[in-house]
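Given the sequences, and given the hints that come with them, work out the whole structure.
Protein chains: 4
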Amino acid sequence: MWNVQKIQPIGNSSGVKEACGVFGIYERSGIQVANDIFFGLCALQHRGQEACGIAISDTEGTRDNMTFYKNLGLVTEVFDHRRLDTLSGNLGIGHVRYSTTGDNTRENAQPLVLNYIKGTMALAHNGNLLNVDELRQELAHDGAIFHTTTDSELIAYLIARARVKTKSIETAVALTAEKLKGGYALLIKSPRKLIAMRDPLGLKPLCLGKRGNAWLVASESCAFEAVGAQFVRDIKPGEILTITSDEIRSDTSCCRQTHAKCVFEYIYFARLDSMIDGVHVYDARIRAGELLAKDSPADADIVAGVPDSGLAAARGYAKAASLPFEMIFYKNSYVGRTFIKPNQEDRSAGVRMKLSVLKPVVSGKRIVLVDDSIVRGTTISGLIRMLKEAGAKEVHVRISAPPFLFPCYYGTDVPSNNQLIASSHSTEEIRAMIGADSLAYMKLEHLSQMSGQTDLCMACFNGTYPV
Amino acid sequence: MWNVQKIQPIGNSSGVKEACGVFGIYERSGIQVANDIFFGLCALQHRGQEACGIAISDTEGTRDNMTFYKNLGLVTEVFDHRRLDTLSGNLGIGHVRYSTTGDNTRENAQPLVLNYIKGTMALAHNGNLLNVDELRQELAHDGAIFHTTTDSELIAYLIARARVKTKSIETAVALTAEKLKGGYALLIKSPRKLIAMRDPLGLKPLCLGKRGNAWLVASESCAFEAVGAQFVRDIKPGEILTITSDEIRSDTSCCRQTHAKCVFEYIYFARLDSMIDGVHVYDARIRAGELLAKDSPADADIVAGVPDSGLAAARGYAKAASLPFEMIFYKNSYVGRTFIKPNQEDRSAGVRMKLSVLKPVVSGKRIVLVDDSIVRGTTISGLIRMLKEAGAKEVHVRISAPPFLFPCYYGTDVPSNNQLIASSHSTEEIRAMIGADSLAYMKLEHLSQMSGQTDLCMACFNGTYPV
Amino acid sequence: MWNVQKIQPIGNSSGVKEACGVFGIYERSGIQVANDIFFGLCALQHRGQEACGIAISDTEGTRDNMTFYKNLGLVTEVFDHRRLDTLSGNLGIGHVRYSTTGDNTRENAQPLVLNYIKGTMALAHNGNLLNVDELRQELAHDGAIFHTTTDSELIAYLIARARVKTKSIETAVALTAEKLKGGYALLIKSPRKLIAMRDPLGLKPLCLGKRGNAWLVASESCAFEAVGAQFVRDIKPGEILTITSDEIRSDTSCCRQTHAKCVFEYIYFARLDSMIDGVHVYDARIRAGELLAKDSPADADIVAGVPDSGLAAARGYAKAASLPFEMIFYKNSYVGRTFIKPNQEDRSAGVRMKLSVLKPVVSGKRIVLVDDSIVRGTTISGLIRMLKEAGAKEVHVRISAPPFLFPCYYGTDVPSNNQLIASSHSTEEIRAMIGADSLAYMKLEHLSQMSGQTDLCMACFNGTYPV
Amino acid sequence: MWNVQKIQPIGNSSGVKEACGVFGIYERSGIQVANDIFFGLCALQHRGQEACGIAISDTEGTRDNMTFYKNLGLVTEVFDHRRLDTLSGNLGIGHVRYSTTGDNTRENAQPLVLNYIKGTMALAHNGNLLNVDELRQELAHDGAIFHTTTDSELIAYLIARARVKTKSIETAVALTAEKLKGGYALLIKSPRKLIAMRDPLGLKPLCLGKRGNAWLVASESCAFEAVGAQFVRDIKPGEILTITSDEIRSDTSCCRQTHAKCVFEYIYFARLDSMIDGVHVYDARIRAGELLAKDSPADADIVAGVPDSGLAAARGYAKAASLPFEMIFYKNSYVGRTFIKPNQEDRSAGVRMKLSVLKPVVSGKRIVLVDDSIVRGTTISGLIRMLKEAGAKEVHVRISAPPFLFPCYYGTDVPSNNQLIASSHSTEEIRAMIGADSLAYMKLEHLSQMSGQTDLCMACFNGTYPV
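Protein chains in written order, with my numbering: chain A, -11 to 455; chain B, -11 to 455; chain C, -11 to 455; chain D, -11 to 455.
Everything labelled a hint here was simulated from the structure, so no lab data went into it.
Predicted model, so just to flag it, every value in this text is computed and none were measured.
Check the hints yourself; a few may be wrong.
Identical copies carry no separate label here, and so any pair may be met within one copy or between two of them.
In silico lysine-lysine, BS3-like type, Cα no more than 27 Å apart, as pairs [unchecked claim]:
(1) Lys381 to Lys342
(2) Lys198 to Lys347
(3) Lys224 to Lys347
(4) Lys307 to Lys106
(5) Lys198 to Lys181
(6) Lys224 to Lys181
(7) Lys198 to Lys319
(8) Lys342 to Lys181
What follows is the structure, given as structure tokens:
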């Protein structure tokens, strides 16, 4: 099924943001991998809930025996036993796609699967190119036709064109990389090879894993755990890895000295149990809480986090502040993605459906409440109201990141300025609006210490864009 | 949703047959046309039941405001009120796709919708190209990527490439036509134009209609009736029609002297109430029956047709033979497309579900039973058995076409040789196998008289293929 | 799933009309019967398209091993291979339900399946009781609860109550029959028996069939053909048949002298290939046409019927009038049950989607057009307009039944008076409204001759209701 | 839709267990309540995920204007905006149903909706009757028919019968209550009244809430929070509450001195933020952990709970043991109810999909791991293995309840004996089987202190059943 969709003309790609997860596996022993990709995509589901897909083939069969399936929905909605049984092979890639507002009916599920001069190719991609318009115009002037408005289709075109003149697909990928500006983690499946590339700035994460005779590549290391594989190492910014039936080759010719790793992965996007560029996300978030506690202490009785985004930082804050770390909310795990809107009269119904207060813990208490961000402020103000109704004496809000102030052009879906409360209000104004007794954000200068990285992109916080 | 699908490599297009229906309308007064396309496609449903789609835009709005929807299923299954309401505009095209065996899950619904240098383009196509492999190889060597295995994508590519160097899309279509070999009826929708082209041999039908300020194009004239429009004329073999907001231009530069119109349209494919190349299909089938009666009379009491394919020829036979024309079967109109297979013990259950005998008419009678073809012989033998059980004394089978003996390369889905009973058995052997008292086919030399055409393609009957 | 539904209070059953089909089979050899019931229900689909169901059990297994499935939709929509495979047993009944306006979401699919003192019971029922309100009040005053508003639930209650005091279920059925007023054909499946009963007036048809070791019961004989069984005889009005593993018993204690068989079955409701009370429906309809031709001749060139309801009577008319019988419409068999409403501007679009005119046959002709009824007149006037547009010189409408003038209380869904054009207009007025050149109905006094029955209910035509 | 289902004969009810949630609201001001019931059922979803339903009516309209909808699935799956909009009224009840093994296709969604002598009645019920067989036999011998195998249908029958002889429905409920043995919380909606009853032993919880002019009744107080209502009080064991347009009446004539409140509600079943019989569930679980810490200390570095069931008791344990309370697992909230089974080779894949270890917290640590139960031991042994792989030095398992050893006859779905690891193995054997370094359960004698109740049913732990 193709949903009803507006076809956008070339040159109007500015609104298209992508922030997704990719997973690839090559089982050299010939073992079937559809279930592994399923489990791996489940582990990466937090990176994208709009759509998902799997493309797979058998390296021992005839060339070009690829099968694939993709659709809108969660991994467990799109794939079941019967569907997975139709996907046969030992080499495959998968993708989960993020739902950017208003775009969740677009025909842009991945992997992108196509034929070109050398047979079939599948491509899964996390990221955003900056020079999309130039590339598309250039291709169009050469007679290209486009079925989608994704960056991925442009990349596929460039690879196909480069492949005409080169000896191997990995060389074509390297030639293509020279033309791409922006952040990306890219998986390409040819009939006999799995190729992985990370953008030279290292904006998007990508790592390598191993399990017996299988090599794996994923956006985050948590996907390896899910399939019983071991994390081997991060793929270097600019590195192109080619996995074949008998070797794994690294091409570092596109690597550069300076990087700009996305700090947002540590703060929000990556999963708590992942390791990114040598740093465990859990450790980074604990440190965020500790730094916050030192900079912005509060005279309080207990520390708690907004489930689940604020829990680790709250734990760190509690530790550094020597205060008890408490659960103060019950989370209704059955209300995942409901579309019943609350009555006008009770705007907090959406929050109430999802979270409720554990009164015995909060009654009469002064509380430090930690979260990783304030976007519009509606959720946090609802929670503060619920806490006060339940008898909390004070609620001190601590945010484990600086305020977002600048748009992201590299594929992270930060809300636009007019939706961000921080872009038009002072911290004190926001505090008053959400009904907190105090409010503090993490300081910009702590981001490096928090993430354990020196070569970060912090553009959404400070407006300093790499390139 | 994309169904699980095998991606076929370039160069293996031999199994892909298409026989579809197209419909286009340009309402210059600005009236919405989604409902018209829906009704038109319903009228063309007999040309393809696998999939269908509509692409539409508003010529008064911004350029490139196209919306579309396509899916597997009948027109009335894919589109309902709500879906049609999302398709807004006064210029649109639609397509119904034929179900070739084993292929009905393929991602090849049309219209094909894409972006190219001049914005958006939608393309709907009935037919089959002979030089697909050459064209695809040529494009691939130039770096093209293919999302589908359809001819339509190749045509779109050629148009896009030609468009880079030409002033108008219709010129690009003309340049493209020079490269295409085979039979096709093609509709192209650009933001402001509706372009229709029929292959120079005239293998596929295409005609022009009018309703008030609207111009229409369709595979068959029956689609005009369905929307209250009038048939204007057949589009000439090789003609390119360009319909814009203020004119309708005919480019006949690709037209040739010799044609090869598909005789199969008159025998089987076209609808009984359509007019094709100046001849009414009903008249052709009546004539088929008359010719059959003269050549192969039978000493019988009544004449009847197999519903619905044999009814008109039976009427003609009855007239010429001066015998009563009777209904002898009741057709269960609720059992359209069921998938319950009959028990091994009773192989005729499939036929029995669909048709049953009206005993009072056939009891004690000698019957001439007319149909348009015998493929495997299972249906006709089931019917003959049912008639005999109901008391018919004799059943004389008359087929209103010669036996199929040769494959079609132009997009009509004639079953492959090993499925055709006629390719390996004599008429007498077939008669014995199906249990008929006599059996006769129409003579090859009558095809011209039957169809009222001299420039026919009769390759499936005589093996003489047009170049 | 239960659809959203209004629960109607007791005593308000007047609007509930039923006109359905029933099918039962007992394979004493132990052969599985789910597929037979499926095929039988497909053959009875014309009697009801709203909902259907099957209840089945194995007479050799433990008692009370019944399984069942029912849902809204056509038989081929509700049941597929997988579903049928879950329905195991050699004794079963099935039901198709008629869609009365506005009622098609009601929770009243059959068979009704329940537990009572003797274990499980399934019940399928075609007809309508006149004393529903009295029966329901009586039961309610005794503490009964009702899950549905169907007559069937009342019958089941009465049987269960009678069964407490009687030795066999068939005796309980006989006791229950004494309390029922109205027309009904009833099938009851107990763990080891199949019981069939027809109302003493014979208002609803029911007949007995046989196939090897299996006995079958069905609303119409066409269902026997569909499963390769033979028609044995009609079940007598008032007869109760009990089929067990070793005998078939007839209880005629409820039979009466006077009957009131529904004439509507011959005119419209029953299938053309069925035999009802010794008369073949096809013969009756041919006779209807013949009688019509004698009473209401027309100076015409050809005779044609409205597909499919008027075809047989048209054939009879043509025969008696010695005029050619012609097909003049093409019927689009893909447009079964669509819900796209035509534009206001073109009210005949609904008809045009379904039927189109074969111009070569009608052009310049004076036509007799036969149908079995005129309800609101919209269809026939649309057809007449289409015929005139196609060049017909005159259209003489002949209706093979008298005008409906009175409501039916026995389960046939005749539209209410204010929808019937005949209830408020003279024949001449109707002729003018529909645009016919002449109009005639069958005479009331011919109904007996047409149907070959003397003991008919013709209440809908003459207002004389049987008690 | 009715699913394929086996009809069970009367007298075989032993396998039917129910453990559900009920919610009722009467908005005397006339405000619509469908959304409130939706939110309330969402809050009670943990009590049953198999099926749910809502029945509603307008007390100001005509009598018997009830509408309802029920289906298999979660509340957010069954109801959406459009569905809720079809459910109109100010008085309604809802139900969520628990999925007992192998039973989730049974036609037993609630509320049960029916007609009886006084019009319509809807009934929602949590619990299990002990004397089902006697009641059903008694009714069957009086001629009753049963559509379901639920206790609820029996209760409805008894009420309908009592109502014939009594003046009000609440009196009929009181008469019915005298016949019921077992645990139940019952809501009955008549056209103008909402009646709530709790079983005399108090086995099932039920409480009263208020919001403006509305009275509410729910299984747990958390449902009141979800709709912005206030908890008023628990409904007393044996109390019948009747809520009408102008009063709320309490009938305590069925109340007894001795109660047997289900201790399992505090341990496992009720939501952490609910208050049951005056005790907050959170407090009870914290106390469970504290008691466990005192009885079964461990020489450890950190304390953690299995999400989400062991978290509160782990917090209590940590407090009492003065050890840090840590999160050690990441829970994948997207993998709710998936049906992909893990490979044979990796049996812990199911657990791994749902939970993963936060390595930095557990590496090198001695861990106390708290959960509320061990059923088969597969989950806990998987978690212990994952912790050891992540570097945990020791894992000391503490269970915040005694081992289940006896079946529950009152509607709580405790697995049968042969599935319970504790019924056939000593604690030391279980410890070895799950790979823990130590294992301890809560002592039976602490249950009263934990729950703050003296009149408990602890039959599943000690085999002493209330009569």
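Check your understanding: When no copy is specified for lysine 381 and lysine 342, does a C-alpha distance of 27 Å or less occur within a copy, between copies, both, or neither?
Key -> within (23 Å within a copy, 36 Å between copies)
For lysine 307 vs lysine 106, is the C-alpha pair at or below 27 Å within one copy, between two copies, both, or neither? neither (58 Å within a copy, 61 Å between copies)
Report task. Check lysine 224 against lysine 181 for me: Cα-Cα at most 27 Å, and say if that holds within a copy, between copies, both or neither. Result -> within (19 Å within a copy, 50 Å between copies)
How would you label the pair lysine 342, lysine 181 (within, between, both, or neither) given a Cα cut-off of 27 Å? neither (44 Å within a copy, 31 Å between copies)
Q) Checking lysine 198 and lysine 347: alpha-carbon separation at most 27 Å within a copy, between copies, both or neither? A) between (47 Å within a copy, 18 Å between copies)
Review point. Checking lysine 198 and lysine 181: alpha-carbon separation at most 27 Å within a copy, between copies, both or neither?
Key: within (16 Å within a copy, 55 Å between copies)
Exercise. How do lysine 224 and lysine 347 come out at 27 Å by Cα distance, when the copy is not named: within, between, both, or neither?
Worked result: For lysine 224 and lysine 347, only the inter-copy Cα distance (23 Å) is at most 27 Å; the intra-copy one is 48 Å.
Is the C-alpha distance from lysine 198 to lysine 319 at most 27 Å within one copy, between copies, in both cases, or in neither? between (36 Å within a copy, 24 Å between copies)
Going down the numbered hints, you'll see the structure goes against 4 and 8, while the others check out.
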